[in-house]
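S.K.: Below, each chain spelled out in residue letters.
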Amino acid sequence: MSRTLALCHICRLSTAVPIRGESDSALFCPRCGTGLHRRKPYSFQRTVALLIASLVLYLPANFLPITKTSYLGGVQSDTIMSGVIYFAQTGSWHIALIIFVASILVPAVKILVLIYLLLSVHQSSSNRAVDRTRLYRITRSIGRWSMVDVFVVAILVALVQLGPIAGVEAGPGVLYFGGVVVLTMFAAEAFDPRLIWDRKEDV
Amino acid sequence: MSEDSGSTPDYPAAEVRRKSRFSLVWIVPIIAVFVGVLMAVQAIVTKGPLVTITFSTATGLIAGKTEVRYKDVMVGLIETIHLSDDLSTVIVEARMDSSIKPYLLNTTQFWIETARISAGEISGLGTLFSGAFIAMDPGNGKEARSTFKGRNSPPVVTTGLSGRLFTLEAENLGSITVRTPVYYRQIKVGEVVSYQLRDDGKGVSAQIFINTPYEKFVKTSSRFWNVSGFDLKLDAKGVQINTESLTSIFYGGIAFETPVGFETESVAEAGTLFPLFRNYEKSKEERFYNRDYYFAHFPHSIRGLEPGASVEFLGFKVGEVVDMKLELDVDQVQFLTPVLFYVEPERVNVRGGNMVNGKELMETMVERGLRVQLKSVNLLTGQLYIDLVFDKTAAKKEISYDLSHPLLPTISSDVEALTSSVRTILDGLKKVEFERLGADLETSLSLLNSNLKKTDQLFANLNSQTTPQLGEALQDLRTTMDAVRISLGPESDLNHDARVALSEISEASRSIRLLMNYLSVHPEALLRGKDQSE
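Those sequence lines, one after another, are chains A and S.
Residues 0 to 202, numbered by numbering that gives the first Met the number 0, are exactly what the first sequence covers, in order.
Residues 0 to 533, numbered by numbering that gives the first Met the number 0, are exactly what the second sequence covers, in order.
I should point out that these hints are in silico values taken from the structure, not numbers from a laboratory.
On a predicted model such as this, the values are computed, not experimentally measured, just so you know.
Check the hints yourself; a few may be wrong.
Below 30 Å or equal to it, Euclidean Cα-Cα: the simulated DSBU-like pairs (lysine-lysine) are [what the hints assert, rightly or not]:
{"no.": "1", "chain 1": "S", "residue 1": "K100", "chain 2": "S", "residue 2": "K70"}
{"no.": "2", "chain 1": "S", "residue 1": "K395", "chain 2": "S", "residue 2": "K358"}
{"no.": "3", "chain 1": "S", "residue 1": "K100", "chain 2": "A", "residue 2": "K67"}
{"no.": "4", "chain 1": "S", "residue 1": "K18", "chain 2": "A", "residue 2": "K39"}
{"no.": "5", "chain 1": "A", "residue 1": "K67", "chain 2": "S", "residue 2": "K70"}
{"no.": "6", "chain 1": "S", "residue 1": "K187", "chain 2": "S", "residue 2": "K281"}
{"no.": "7", "chain 1": "S", "residue 1": "K529", "chain 2": "S", "residue 2": "K429"}
{"no.": "8", "chain 1": "S", "residue 1": "K324", "chain 2": "S", "residue 2": "K201"}
{"no.": "9", "chain 1": "S", "residue 1": "K141", "chain 2": "S", "residue 2": "K215"}
{"no.": "10", "chain 1": "S", "residue 1": "K215", "chain 2": "S", "residue 2": "K187"}
{"no.": "11", "chain 1": "S", "residue 1": "K358", "chain 2": "S", "residue 2": "K324"}
{"no.": "12", "chain 1": "S", "residue 1": "K64", "chain 2": "S", "residue 2": "K18"}
{"no.": "13", "chain 1": "S", "residue 1": "K391", "chain 2": "S", "residue 2": "K374"}
{"no.": "14", "chain 1": "S", "residue 1": "K64", "chain 2": "A", "residue 2": "K67"}
{"no.": "15", "chain 1": "S", "residue 1": "K46", "chain 2": "A", "residue 2": "K67"}
Given these sequences and hints, build the entire structure.
M.R.: Set out below in structure tokens:
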């Protein structure tokens with residue numbers, strides 16, 4: 000049984016651990032008893048679970064209004080997409096582009112990329128491992144920018160409170176959208192990129 | 000690493016314990032799915048009914064944005080707007096709130112609320128910025144509905160507004176429109192709900208709604224008049240302007256009051272019909288707005304009858320003559336003189352029971368012998384009027400409906416009878432030969448002359464023969480006179496009787512003088528008798 004070394008998180012003791020751990024066994028440091036992890040624990044499961052949850056929330060996030068704008072008695076509810084269309088139609092195509100990229104494109108791409116990475120890991124693919132790792136890096140770094148939309152809504156709600164003249168309220172959609180962003184970020188964090196390389200080294 | 004570094008000391012082996020195959024993280028998607036399913040179920044359960052409303056235009060309506068509101072509370076949202084197949088109407092489909100479903104009834108009304116600015120009021124200003132919305136009013140219906148016909152203007156009478164509806168009828172509309180205010184003692188108590196041309200096109204009728212608690216002031220005898228604009232009077236006292244209120248100057252209005260009169264005042268039932276007069280003065284003067292037109296064919300000359308001549312019934316004026324014509328019936332070679340006149344049925348105060356309609360009433364009256372007769376106002380000028388009389392002896396006749404107005408049966412005029420009798424008298428007078436009368440008088444006078452001569456001779460005889468005997472006779476006479484004096488004395492019966500008789504005679508002669516005086520002033524009294532009014 001081939002072994003490799005693992006470092007205890009707490010007492011920094013180097014320990015010999017099996018290269019391929021059994022899925023139902025946990026390793027502990029022989030000196031201090033802290034749990035040892037060769038890879039992120041439950042990485043695959045966690046990523047899948049969080050991705051599924053974010054996919055479920057993705058629907059209400061895009062179909063429920065994220066803002067309710069009242070202006071002199073008239074109330075207008077906007078979803079993310081209707082906001083993009085509104086800005087595009089009124090000529091502010093650059094704002095429309097920013098919102099579209101940050102709020103629609105990025106979460107969707109992130110979910111798709113994570114699904115692709117999970118599938119490739121599941122199938123023990125060894126193709127283009129470097130590219131996949133780069134994809135993961137990019138995904139992880141841009142994920143947080145999706146929160147821009149949530150912050151915009153938060154600032155608008157805080158600033159535009161002019162009583163009966165005008166007001167902005169957060170719609171239920173923003174809650175789900177925030178959920179999607181947070182869950183995909185967690186999913187990206189839960190994914191252990193070393194899984195990409197595990198099989199390759201085995202070979 | 001460990002394999003190729005045999006020199007390094009052996010690393011201690013990690014402890015191995017068992018662990019769960021599954022991560023707790025699976026709770027996250029389970030919760031997400033649970034929340035999602037819950038939301039979907041809720042959305043399906045709370046999905047309200049879809050209603051179809053047709054409008055003439057879709058002013059300001061936007062599919063997916065325009066709301067349906069009741070009392071400014073959102074109860075629905077427009078989903079689609081499309082044109083009907085024949086392009087005549089706009090069909091709006093709105094998704095209603097499920098809570099409003101029990102109020103989608105056959106009486107439910109929808110209208111488009113936009114900013115409305117009129118002299119009376121400004122409403123819906125908020126829609127200038129927010130855009131139009133569809134307002135609804137449920138009404139008190141029983142039947143559930145899902146298709147509705149949208150109104151063009153907001154209804155005046157909405158659910159929860161209590162009061163009473165009345166109908167006004169007028170010749171012309173004047174400046175009345177929907178929402179024209181109704182005033183009672185210059186307080187706004189109601190509004191015009193709707194107006195339309197009467198079916199026969201001979202007038203307009205308007206529905207008014209009097210709000211609670213003012214509806215009790217509308218009595219059966221109340222008079223309504225138009226107060227559009229103002230009355231300007233310029234006289235010695237200065238300029239006088241009368242108006243109900245400032246808004247009525249620009250916006251028009253209707254006022255009413257209940258004059259003191261013969262009628263017992265009872266609160267008018269909902270739906271009662273009232274005439275609408277042109278102004279306050281007219282409401283005082285003209286009590287009648289309903290006219291029933293009739294024809295009458297007179298078989299004789301109607302010379303003296305003119306348009307405007309009165310139509311009387313039992314001595315009361317009930318109508319007027321409108322026009323008359325001369326017609327030739329070619330088939331029977333007969334000339335007819337149809338006269339058109341009207342009767343104002345409201346001139347008759349109705350007591351007890353319900354007012355039957357004019358046609359039935361007239362039919363029963365004709366059955367009982369009502370006839371049209373021409374009568375003379377003044378014999379000398381020859382003016383005529385139409386009298387509606389009851390002739391119990393007349394042969395049974397019925398109203399004919401062949402003409403444009405009902406034709407009433409006539410009886411021959413008493414004027415004609417009278418003129419013919421006058422004519423006979425005059426003819427008789429013509430036959431008297433006044434010349435011969437003069438000649439006769441001359442002979443009579445000469446005869447008288449000769450008679451007087453004979454009297455002279457008689458007196459001569461008398462002087463010679465009779466005088467001697469006269470002395471004896473006088474003696475006799477004195478004795479007789481004594482006896483007579485006793486019987487004729489101041490205390491005698493005869494004397495008294497004679498005095499009474501004399502005073503009677505003087506009385507009689509004075510009466511004759513009065514009669515002569517009267518006749519000299521009123522020669523017509525010979526024919527008509529003494530005028531009772533004098």
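S.K.: Please go over all the hints and tell whether each is borne out by the structure.
M.R.: A quick look at each hint next to the structure:
no.: 1; hint: K100/S / K70/S; in the structure: 16 Å, holds
no.: 2; hint: K395/S / K358/S; in the structure: 18 Å, holds
no.: 3; hint: K100/S / K67/A; in the structure: 25 Å, holds
no.: 4; hint: K18/S / K39/A; in the structure: 15 Å, holds
no.: 5; hint: K67/A / K70/S; in the structure: 21 Å, holds
no.: 6; hint: K187/S / K281/S; in the structure: 22 Å, holds
no.: 7; hint: K529/S / K429/S; in the structure: 26 Å, holds
no.: 8; hint: K324/S / K201/S; in the structure: 23 Å, holds
no.: 9; hint: K141/S / K215/S; in the structure: 28 Å, holds
no.: 10; hint: K215/S / K187/S; in the structure: 14 Å, holds
no.: 11; hint: K358/S / K324/S; in the structure: 24 Å, holds
no.: 12; hint: K64/S / K18/S; in the structure: 55 Å, violated
no.: 13; hint: K391/S / K374/S; in the structure: 18 Å, holds
no.: 14; hint: K64/S / K67/A; in the structure: 12 Å, holds
no.: 15; hint: K46/S / K67/A; in the structure: 20 Å, holds
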